[in-house]
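Chains as they are written, first to last, in my numbering: chain A, 1 to 246; chain B, 1 to 176; chain C, 1 to 349.
By construction, these hints were calculated from the structure, which means they are not laboratory data.
Be a bit skeptical, because a hint or two may be false.
[Said to hold, decoys possible] Computed footprint of chain C on chain A, listed as stretches where at least three residues anywhere in the stretch have a Cβ under 8 angstroms from a Cβ of chain C:
| # | stretch |
| --- | --- |
| 1 | 36–44 |
| 2 | 60–67 |
| 3 | 71–79 |
[Said to hold, decoys possible] Some chain B residues close to chain C (C-beta under 8 angstroms, calculated; not the full set):
| # | residue |
| --- | --- |
| 4 | V33 |
| 5 | Y39 |
| 6 | P62 |
[Unchecked claim] Cut-off 25 angstroms, straight-line C-alpha distance, at most; resulting in silico cross-link-like pairs (SDA-like, lysine to any residue):
| # | chain 1 | residue 1 | chain 2 | residue 2 |
| --- | --- | --- | --- | --- |
| 7 | B | K86 | B | T2 |
| 8 | C | K205 | A | T15 |
| 9 | C | K36 | B | E152 |
| 10 | B | K153 | B | E164 |
| 11 | A | K222 | A | V140 |
| 12 | A | K200 | C | N201 |
| 13 | C | K271 | B | S84 |
All values derive from a computational prediction rather than experimental measurement.
Quick reminder that beta carbons are idealized off the backbone N, C-alpha and C, glycines included.
In case you want the letters, here they are:
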Amino acid sequence: MPKFARPRSLADVETHYCPGCAHGIIHRILAEVIDEMGIEGDTIGVCPVGCSVLAYDYFNCDMIEASHGRSPAVATGVKRSLPDKFVFTYQGDGDLAAIGTAEIIHAAARGENFTTVFVNNTTYGMTGGQMAPTTLPGQVTQTTPYGRNTATEGFPLKICEIMAQIDGVALAERVAVIDPKSVFAAKKAIRKGFEFQKNKQGFSIIEVLSTCPTNWGLTPVKSVERLKNDMLPYYPPGVYKEGAVR
Amino acid sequence: MTSEILIAGFGGQGILFAGKLLSYVGLIDGKEVSWLPSYGPAMRGGTCNCSVCVSDKPIGSPLVLNPDALIVMNAPSCDKFIGSVKEGGKAFIDSSFVGKERGDPRIDRYYIPATELARDNGLKGMANIIMLGKMIKETGLASFDAVKRAAEKTVPAGKADLVEANMRAIEIGAAN
Amino acid sequence: MKGNEALAEAAVRAGCRHYFGYPITPQNEIAAYMSKRLPKIGGVFIQAESEISAINMVYGCAAAGTRCMTSSSSPGISLKTEGISYLAGADLPCVIVNVQRGGPGLGSIQPSQADYWQATRALGHGDLRIPVLAPSTVQEMADMTGKAFDLADEYRAPVMILADGLLGQMMEPVSFPDIGNADEPRAKAVPKKWAAVGHGNSRGKNIINSLYLQPEKLEEKITERFKRYEEIKNKHAGAVSENCDGADIVIAAYGATARIARSAAETAREKGIKAGTFRPLTLYPFPEKELREACKTAKKVLVAEMSMGQMVDDVKLALECKLPVEFFGRTGGFIPGPGEILNKITEVT
Chain A
1 MPKFARPRSL
11 ADVETHYCPG
21 CAHGIIHRIL
31 AEVIDEMGIE
41 GDTIGVCPVG
51 CSVLAYDYFN
61 CDMIEASHGR
71 SPAVATGVKR
81 SLPDKFVFTY
91 QGDGDLAAIG
101 TAEIIHAAAR
111 GENFTTVFVN
121 NTTYGMTGGQ
131 MAPTTLPGQV
141 TQTTPYGRNT
151 ATEGFPLKIC
161 EIMAQIDGVA
171 LAERVAVIDP
181 KSVFAAKKAI
191 RKGFEFQKNK
201 QGFSIIEVLS
211 TCPTNWGLTP
221 VKSVERLKND
231 MLPYYPPGVY
241 KEGAVR
Chain B
1 MTSEILIAGF
11 GGQGILFAGK
21 LLSYVGLIDG
31 KEVSWLPSYG
41 PAMRGGTCNC
51 SVCVSDKPIG
61 SPLVLNPDAL
71 IVMNAPSCDK
81 FIGSVKEGGK
91 AFIDSSFVGK
101 ERGDPRIDRY
111 YIPATELARD
121 NGLKGMANII
131 MLGKMIKETG
141 LASFDAVKRA
151 AEKTVPAGKA
161 DLVEANMRAI
171 EIGAAN
Chain C
1 MKGNEALAEA
11 AVRAGCRHYF
21 GYPITPQNEI
31 AAYMSKRLPK
41 IGGVFIQAES
51 EISAINMVYG
61 CAAAGTRCMT
71 SSSSPGISLK
81 TEGISYLAGA
91 DLPCVIVNVQ
101 RGGPGLGSIQ
111 PSQADYWQAT
121 RALGHGDLRI
131 PVLAPSTVQE
141 MADMTGKAFD
151 LADEYRAPVM
161 ILADGLLGQM
171 MEPVSFPDIG
181 NADEPRAKAV
191 PKKWAAVGHG
201 NSRGKNIINS
211 LYLQPEKLEE
221 KITERFKRYE
231 EIKNKHAGAV
241 SENCDGADIV
251 IAAYGATARI
261 ARSAAETARE
271 KGIKAGTFRP
281 LTLYPFPEKE
291 LREACKTAKK
301 VLVAEMSMGQ
311 MVDDVKLALE
321 CKLPVEFFGR
331 TGGFIPGPGE
341 ILNKITEVT
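With the rest of the complex left out, here is chain A (with noise of 0.2 angstroms):
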């Protein structure tokens, strides 16, 4: 037996990410929450528009691929369906926090008993690196080449934040996949997370600080000293909300 093997809930196929991204380790994290839990044939992922999209070839649980933004409106579906199983949602910034902003606030808002893993790299990558709603004052993007102007772009939206202030949701924690430490501390959040969720005690969300090595033109090195020097100071990592709600 390998130390270090492939979880059982993550395909063995190879994925379409770009060198150094991080969906991987978020994807192996993922998988691994599930393989301990022991609850993949029990579990409904739906994955969103964007890099993630092809996220359903990369589980080994039941996947839905749903319209853009619209995954927590279709997770709401499947578990209102099948309330004794474990449903998640993995979105990207452009997804959760533009187009489906409606749809996760009031996913939160209702309490709905599934986990979003909310990827923030602060960009659309799928499309070549367009400013998101997470997009930090200044940064340069395809539609931002002056970087963005909170004057004429407006501000982030710090969306764990956002999601503190909201009856339904259980938990709310950010972290960042930066080094082993961190990735650790993501992979309990998600735990924390699948176990509300579990317990049937609320919507959790958790917010992931990723990198974007591609569109950001930087290395995968250089890429996460970015996330440390620019993206922690925006986007503390932290718990800003945990309890039951029900």
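For this one, chain A is given, so just place chains B and C on it according to the hints.
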């Protein structure tokens, strides 16, 4: 043979309920029936109306444009609909709200102070049923027995005393 | 019962326990009825934050293999079309109800049939068709709802019921003998082995998806789906023809307008005009064969609609321009009177 009835008045006068009761009467008599309310902003505090068709054969349009019988319980509805009554048709007018006008040789008009009658007989809120009683009597549209059975059907369970009140209102209407 | 309520009760009896909707007139009685009825029988009612959310809740619920529905009215259906395209692309069975009102834009809240083109041609982007059933009475609002759920399950397709404000708001007697009851709803037509319900480690995983990056795969999928549409056409296209044998003129109308056209044709016959009526029960597939059969002796066809003329296109296509086709329509929320249609019949014969 299709009888087309239009009932109109203010929201809150029981216009829609009177129409429903009438539909049930037709149903109990083994007829084809339809009921169509006006809906939308007009019903919020303004006038409202409903169309009822009672027929021996399947009903085509449930919307009554030219009624055989018209019940109106306020002046705006009277102004609006009185001209649409078919030649030889009947109009039943709550004279508590609508002053008497010149006769119209085309149609028969019946003036019933229904709202006053309801108040004087301790049947507040049942002017609509008094109007219905008069209409049923003059048109011979249904038997009083069918009306009673319809009232039993439409009055919520646990409010059985209302059946008796409804029947009294029907009788007062018929007698005036 | 109101048409909207009859439809809702029929859905319950057909085994629908999950309803997702958003308020809009003139279909609100459906949601109101479901919000009262479903929680009492272990069902789920959700008033979503938007029509878009509601249709995506349907997507999730249908993906989990559960009978479910949403309802709306014209402007709301426009919002749902994105989701409907995904439902079709992922082969998910569900029932979508459109209680039509006047358009375009916010239009009016009065009855209309101006969404015929949308329902039969444009319920979403991509190569897709949606079976569309068109009730004409409150009884049919109920009966067709039962049928819609069965069709959806059998062919793994979203199915639309195209009603209008008149049918939704009016009351008529209705009975539910063929649909089942709430305790013992009609059985699911087919087991849903494809559903995403968790594989329980006992089978391969199921994926519900509409994305196929290889053209070959997507073409194959769509071609297979169109074979199913063809089968629906052969087995389920339907219409009611009355007095068409020997008729000089056939009046074609669907839904609420068909009732009015029927009255008009009856009066026309009393006046000595040989008038028959043709009423499609399915708008997609359009009952082409049945129409040609109904028009065998006709010299002319008159199409009546509550629109500026939409179904008239399908009538012309089905008749292959072999007969002159006249049109009468009211729009903007007007319900045509039998007299108006009669005048048109007299005018064109």
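Verification of the hints:
1. 36–44: Holds, because 5 residues of the stretch 36–44 of chain A bring their Cβ atoms closer than 8 angstroms to Cβ atoms of chain C.
2. 60–67: holds (count 8)
3. 71–79: holds (count 7)
4. V33: 7 angstroms, holds
5. Y39: Given a least distance of 5 angstroms, the restraint on Y39 (chain B) holds.
6. P62: 5 angstroms, holds
7. B:K86 - B:T2: 13 angstroms, holds
8. C:K205 - A:T15: 18 angstroms, holds
9. C:K36 - B:E152: 24 angstroms, holds
10. B:K153 - B:E164: Holds: K153 (chain B) and E164 (chain B) sit about 13 angstroms apart, inside 25 angstroms.
11. A:K222 - A:V140: 16 angstroms, holds
12. A:K200 - C:N201: Roughly 23 angstroms between the alpha carbons, so the hint for K200 (chain A) and N201 (chain C) holds.
13. C:K271 - B:S84: The given pair, whose Cα atoms are some 24 angstroms apart, holds under the 25 angstroms limit.
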